Amino acid sequence: MKRVVPLEKALDDTIFGSKAVGLGQAIRDGLPVPPGVALSGSIVEAVAAGEQPAIKEVAKWVEPLGGPLAVRSSAVDEDGAAASFAGQHLTLLNVPSAAELGSALSKIWWSANSDSAITYRKKVGLFTRPSVGVVVQALLDPDTAGVMFTRNPVTGADERVIEASWGLGEAVVAGIVIPDHYRVDRSGQVLERKAGLKRVAVRTVPGGGTVEEQVAPELVERLCLDDDRLQELNRLAERCEQVYGPARDVEWAIAGGTLYLLQCRAITQAGR
Amino acid sequence: MTPTGGGTKLRFEPPGPGFWELDPVHFPRPATRYWTEVHPGAFQRGTSEFARSYGMLIDGLGMAYVNGFAYRMVRPAPEGELPERFKRAEEVFQKKYWRQQFRDWNETFKPASMKAHRELQSVDPDGLSDDALAAHLTRCRDHHAEMLYQHMRFTAAAVVPTGDFLAHVGDWTGLPPAELLGLMRGTSPTSAGASAQLGQLIAAIRQDPRAQQRLDTEDDPGSTLEALRSLDRGTGAAVSAYLDLVGYRLLDGFDISNPFALEQPDALRRAIRAAVAGKVADASDVEGRIAGVRAKVPEKHRAQFDELVEEARLTYSLRDERGVFSDIWASGLMRRAVLAGGRRLAAKGRIHEAVHFVDAGLDEMRALLSGADEPSADELAKRCEYRASHSAKEAPAAMGTPPPPPDLSGLPPAAGRIMRAIGIALGAVFGSSEAAHEKHMLRGLAASRGVYEGPARRVSHPSEFDRMVKGDVLVTESTTEAFNILLPLLGAIVTDSGGLLSHSAIVAREYGIPGVVGTREATERIKDGARVRVDGDAGEVTVLG
Amino acid sequence: MRGAPVEVLRRVPLFSDLTKREVQQIARLFKERRFAAGETVVQEGSGGAAFFVIVSGEATVLIRGKKKKILKADDYFGEIALIDDGPRMATIAATSDLVCYGLTYWDFRPVVEANGVIGWKLLQRMAKMLREARED
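Respectively, the protein sequence lines represent chains A, B and C.
Residue numbers for the first sequence follow the working numbering, so the first one is 38 and each next one is one higher.
Residue numbers for the second sequence follow the working numbering, so the first one is 145 and each next one is one higher.
Residue numbers for the third sequence follow the working numbering, so the first one is 1123 and each next one is one higher.
Since the hints were made in silico from the structure, they are not lab data.
Keep in mind that the hints are not guaranteed to be accurate.
Pairs of lysine to aspartate or glutamate residues, derived as EDC-like cross-links and limited to a Cα-Cα distance of at most 20 Å, are as follows [said to hold, decoys possible]: (1) C:K1189 - B:D610; (2) A:K231 - B:E608; (3) C:K1188 - B:E608.
If you're wondering where the values come from, they're calculated on a predicted model, not measured in any experiment.
Construct the entire structure; sequences and hints are all you get.
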């Protein structure tokens, strides 16, 4: 059984976790996902346990990705549950190179096995042992990034809800800023544009890690996305729904002028 | 208005024909009887006047109180007057009528108001006989009514040029109102008069080390202010001049049930400290920002852009001044007189507490001062309790049949332009300025449904998690995975930042607890242990009690 | 090499009744975990997932906000999590950078179920320690 595969070859979510398989599917369907590799739950566990052969194998696969890396957990039984596990599992941005990957994987394994993860699992009705795969990709340096729900998560309305901020999408996911808030209907018509208060941006630091930077005053309340981008995001939402089904939680980023898909998973308990 | 007892459900019926909309923004709780008697007439007179003088297609607004809750109605202009109104709208833009009003305000109305305020303020109500106090209350009420009318009369002047600017420039550039309003900064502060007193206060304190020292101590704030007043060498005089200017302004709201500044010396002291410590806001970058926005405007509209910006900036100061120098001050003066009456009646045992006197109407106040039996002490106490225990949430959002939405497209250009300017202004401008009055309510994004009341717990970091107790409301800057272990304990979540798709919003929805995110300043304004109500449907957090 | 070094675990009083073989069996289930100074390692009241042995660094034990004890190299904590995943009874906060080896409940249970002797010995040792603690 292969324990590391290129992302587009991740097919079994019981081995690689749903994030990896989801992204693999996206690549296979021609969606704009940054290239990467998928690590199985068992090899992540082996690396966290200190097994040298496992560490070497992972390094071999990751080296070709080059410079800074985005390392994301891909838990094996998340998506079945009625919960999004939002923020439960780590995303480690800007791991400088394959050499530092071992400690990154150890952190990810522990985040899946932490007290808070276990408490959360029990609360949402999962009493089995966690297993966490990992997705490693080349790290983007986006101008703008954020999250899009292809259905309104509060009202359940059939519209896209988009939240955006400057720099890495971490600022939106972790709620560090009040992001811009947009609503777009299926036909692409913009229903709402509300500028947020985006005082900081999360950006990569050479040599590893990320930092929160002050945003220039004139950009704090400037809209990140114009109507053209909103249309592009709407089309991406449509394609995601075609590939995965309705009610998707999409993480996206715009880097070097290109829109990328970083993550796509089910919205949970939408519009209760 | 007939308040009912605690357990009975309130009945709501339209106060008259037409379509009435609840105003929970300005009146989140029921109003006092006094207010419901004095406000509607003044409000209608003032709004009718601005509507006519600006050629609007409405005859102003009507106001009515049902169970103490405020309902507003738009009164359509009589059809026969429409041609005249259309003509008037054209003239308004041709002659820039707001400039005339701005002049009137600065040269006539504001100085006259300040003179009247100071006259009433110079009377010490505690020193008056019962009869003299009754007469004084009447004079204060009449003054208050006139000031309420004045506030509304100048509404269009304050708002039409700004709304006009937002409408046009918004269309040309796609920039949101919040960013465009930023171009208004640096317009002359409140008024030459106000900044003079504050400026002198700041200068006096900075030059006087005794004052600085006194200001910085953590003593009882009331004694701090007294001590500052009593300093010699001009410092005390500067402090007194400033306190005389702002001391009787209501800190919050409009009704006489709200405290004026001198009743909350803590707030005053904080304001003075902030002023003394603060840097002068640098308005020089506004020119750059205006240029930046201008660059986004298509070339053929730039001349008009320049004109619109100038008009908007000119009258922007009127926005706050028209309230602060009119009814906000007059209401405080009324309250001061009412409290004086309440104190003497409470001392005699005629009412249970001095503050209950604010729940009497003016005629009732006069009657009680001359020894009448009604209303009883219990009745006044009941009214007070009613106001504290009910909120606009219980009131229906509207009553009566809504009219069809107005079709602006068929209107002559000037008339349409006026209506649009007012419409946008009501949305962007009123919202942001009046929200500043709501010291006890915060707004954010409605992230997770439901309403919950409980004690707020300010927790910023996992090292503080120990302080969390089951049933608490988490109030924090933003949440991370580490906070998840608190979730089983929480009744609700409130954050400063974050959007509907952020971690805190998502986990609140999943845990099924009310959540309000992106409030901007929850951690600054909500004290640890304060009882709060989190309304995840409306996106509001209210500090109770 | 997988897991924690055997010598590290043999110094831990909780394992003093186990044979070298038995310690080896458990040792390979451990994984290294690091905490930064100031980090909360375990939160009182939270469900518990793992048991930890300290290799280097220092941590403080807090119950209801009150400091009770300081833990150092060769000390351990969270052992109840090996038996039941109920609420943590204290908060443990790293006062310096901390290097630990941790063993999760998931990994421990199958070993005990397969080899009842280990479980029994640990229970006995824990009961003894509890009795001694109560007499303090």
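Practice item. Mind listing which of the numbered hints don't hold for this structure, in increasing order? Key: Hint 2 alone not satisfied by this model.
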